[in-house]
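Chains as they are written, first to last, in this note's numbering: chain A, 1 to 491; chain B, 1001 to 1404.
No wet-lab data here; the hints were simulated from the structure.
Hints are not guaranteed to be accurate.
Not the full set, but computed from the structure, chain A residues with beta-carbon under 8 Å of chain B [said to hold, decoys possible]:
id	residue
1	PHE165
2	MET178
3	GLN183
4	HIS234
5	GLU306
6	GLY398
7	ALA399
8	ARG401
9	PHE439
Think of the CB as a built atom: it goes at the ideal place given N, C-alpha and C, for glycine as much as any other residue.
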Amino acid sequence: MLKDEVLIVGDGAREHAIAVKLADSVHEPRIHALMTHRNPGIESIVRQTGGRVIISSLDAKGVAKAINEVNPDIVVIGPEESQFAGAADKAIEMGVPTFGVPRRLAVIEQNKAFARELMWKHKIPGRLAFRAFKDAGDAVEYIKNAGSVAIKPARQAGGKGVRVFWENLAYLRDAMGMAKASQVIDAARSVSKYSDIEDLIIIEEAVTGVEYTVQVITDGYSIIALPPIQDHPHAFDYDVGPECGGMGSIVGPGPRLPFLLDDEYWESVDIVKRTIEALQREVGGRYVGVLSGQFMLTTYGPTLIEYYSRFGDPEVTNALALLEADLLELIEAAVEGRLSSVKYSFRDNTVAITKAVAPVGYPHNRDMAINRTITINESAIAKLGCSLFYGSIERINGAYRTLGSRAVEVMALGNTYQDAYSTVERCVSQVSSPDWQLFHRLDIGSPELVSRRIAEAETIRQVYTWRRLHGLGKVRVDWVPGREPIVYDYS
Amino acid sequence: MGTAGFLGVLSFHDGWDVGKVLKYGLLALRHRGETHWVSVLTNSGLAAKKLDEVGDIDVNGWAGIACSTTDDSLFGVVKCGDVDVAYCYEGQGISEGEVCDIVLNGRAIEKSLTLLALTSNGRLVGYRSVDGRRTLALGAYGFDLAYISNETAAINAVGGAVRTFIRPGSVIDISRYVVRETRVVNHVENPRLCPLELIYLSRADSEVNGYSVYAFRKALARRLATRLRGKTARDVDIVIGVPDTGIIYALKVGEALGKPVELALMNIERRRSALIDEATMRQATVHLKITPVVKELRGKRVLLIDDSLLSGLTIKEVSQVLRHRAGVKEVHVGIASPRITKSCPYGVTMPPTEMLLTRVFHIDEELIKVLEVDSITWVSIDDLVNAARETGIMEELCLECFLR
Chain A
1 MLKDEVLIVG DGAREHAIAV KLADSVHEPR IHALMTHRNP GIESIVRQTG GRVIISSLDA
61 KGVAKAINEV NPDIVVIGPE ESQFAGAADK AIEMGVPTFG VPRRLAVIEQ NKAFARELMW
121 KHKIPGRLAF RAFKDAGDAV EYIKNAGSVA IKPARQAGGK GVRVFWENLA YLRDAMGMAK
181 ASQVIDAARS VSKYSDIEDL IIIEEAVTGV EYTVQVITDG YSIIALPPIQ DHPHAFDYDV
241 GPECGGMGSI VGPGPRLPFL LDDEYWESVD IVKRTIEALQ REVGGRYVGV LSGQFMLTTY
301 GPTLIEYYSR FGDPEVTNAL ALLEADLLEL IEAAVEGRLS SVKYSFRDNT VAITKAVAPV
361 GYPHNRDMAI NRTITINESA IAKLGCSLFY GSIERINGAY RTLGSRAVEV MALGNTYQDA
421 YSTVERCVSQ VSSPDWQLFH RLDIGSPELV SRRIAEAETI RQVYTWRRLH GLGKVRVDWV
481 PGREPIVYDY S
Chain B
1001 MGTAGFLGVL SFHDGWDVGK VLKYGLLALR HRGETHWVSV LTNSGLAAKK LDEVGDIDVN
1061 GWAGIACSTT DDSLFGVVKC GDVDVAYCYE GQGISEGEVC DIVLNGRAIE KSLTLLALTS
1121 NGRLVGYRSV DGRRTLALGA YGFDLAYISN ETAAINAVGG AVRTFIRPGS VIDISRYVVR
1181 ETRVVNHVEN PRLCPLELIY LSRADSEVNG YSVYAFRKAL ARRLATRLRG KTARDVDIVI
1241 GVPDTGIIYA LKVGEALGKP VELALMNIER RRSALIDEAT MRQATVHLKI TPVVKELRGK
1301 RVLLIDDSLL SGLTIKEVSQ VLRHRAGVKE VHVGIASPRI TKSCPYGVTM PPTEMLLTRV
1361 FHIDEELIKV LEVDSITWVS IDDLVNAARE TGIMEELCLE CFLR
């Protein structure tokens, strides 16, 4: 049966990208959108396809309202918070086939300690040693002697991210003490606002390496692994500055990254696949939607940093650009449990570079970044052949105003990085602000940065292949003089 | 004007005491000068002080700069309108007004320098003049810190990773809200990298514009060995280097010539004699870094390697020590730079032109009499250029100090 009434839940650039791809379907679906604010891009697709916009919260209540209003054949849920807030549960309860997981499965993203425990319990490769804390004081005490650590909020907590502290230089311990403690307090505070989680902080062994994201579409039985995409979590050029939602992403040429070997990619896909299986076994239910693994190539090999129970933003833009398939058919097949029968392929010889443009103030001082005017020369961007995705932005009295986060994402395709890079930069220059400063990362997608990543990956690869060859692939032995050696078993 | 090493840091998150970070960075900058200075930014403004010892930074803040310089004029705090600017630079002398021009107005000035500044309103600013003689690196530590330095070893010393080298004629401007590299000159100029950076100013574990200083010195040493091969090399028993920079050259020359290299000159204290102006201080410094291992030297014919020769004081002192205290039979000298015949007009600290030995004594026969050595061998300018090419260095080299 053809499902041509689609309700998209979400109002960011990610949902805009999904809407664009869905509107491309040969079945010409009517697209409706549940949003908290009128995303100009999604709104225009809704208008073109004859759908409706429903403004409400992106939770169970909002979804119920939207379903009653537009009576969709299928619901597609974009953001993780909607999933945590039971949007999918509600849609399923109301009998609407839903792409995007219910609460109990979204726990894989919501609860970082759960995700890590799941991996350890089911012996899924790519895991890291970690400890979860319910009390900030205990965590502060623990990190005093824990060596190099990554300190994160135990729950997905808006923009509050990870901070990593390496202690490979013992003399810098003193300087780091206060910084580490401040991150524990910050992370704990950001999580304590939520009542849906017990742990406040998780502390993991720190790793270093080259990052990439593997997004997998699944119907709970089989998977479609999308190409590996590289996001850029540092807010500023040259990988400097705080962690943010991601300032841009790259893929290519074709469905690969220049610094990642095929074996490494497939090993990562396998990790995500095993996680889906383990998760379903652990909490029950069928995982219909997207599970994204944010990976790092570390001295262990492909290592899982974090899971998203949805498409990554901006990674979704690159993946969908390369995907040659009817997304509506694919989503339909997923909800009906027949994903393995879907035909799809990926564009070869294509590089896709996406860049986010944000108002200065993002990510940590959103008060500064909010309510600024933005001018976008849409026709010039279209003429240059770029795709434009609207994010944290709305149209008030004919002018675009920022809402504090990444305002737009601009994507260019090309045959080479050089090509796509020069196009995307020209397109980004069509976005400006008369009353504020905007920023984007110049270095993303540049041939220089890509070469640096290749060199970094090569260094790391040498270490992990050596470790694997010497029987250390799944074992780490720590020895403090005068004490018994401790063997960590990663098998 | 003069030589300086500097390191700046800015934290993007609370909880950092940058003084505790900078003090270790200074340890990796000491070779660029004996005067140490630091300025940090707290919520109540800029604090600055001169340090007696590298290790005793006791001021704290969330951003800061520190430098080791040859000269008190190379750092300071200046008021630019409403903003206080702490700065430190290396190169040709500039006025306080010019500091304000660069830092506040992003205006390039017609001088050769690199500059690091910290403003009372929370900006860490680096500037590299368009001639590109000197290098300037941007580094980071995780999601927490940004670093700027003219010596990558200093960034590494404080746990940072080098992310890029700032382009000539550009300003790197870092605040908690944004990081921007901006080109501030319109005209294009072929950068002319300072070869003295590669020969002896930088640490061997640093990279200049991404090129390994160590690799360059190896390539240059091999060329010096080629020059020495034949007569001089046949006539020597051992090779020794003048600490510290001369050691790498000695090792590589010895390796190429198949002669034993001995660590026969020991350091009592590490100081950079080339960067000290005053004659008696320099002599004292030389004496503190060349106590001989007498039993290894007595009766030997020695090939003494150093990185450069300016006034010749160091070589003369060493040759005297070798002869008079250690009893060596012959002292042959190999210098890993061409003859430096002109004091650097671009701000590298060195004696004035009329005090350069090669300027006063044009031919080697006279020069070796002054130094009381048996022979002297130099690398040529071509050797220097070829060593740079071999290291992958694309930039032209500034050859000003080798020209008459």
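(request) Go through the numbered hints given earlier and state which of them the structure violates, listing their numbers in rising order. (result) Failing hints, ascending: 5, 6, 7, 8.
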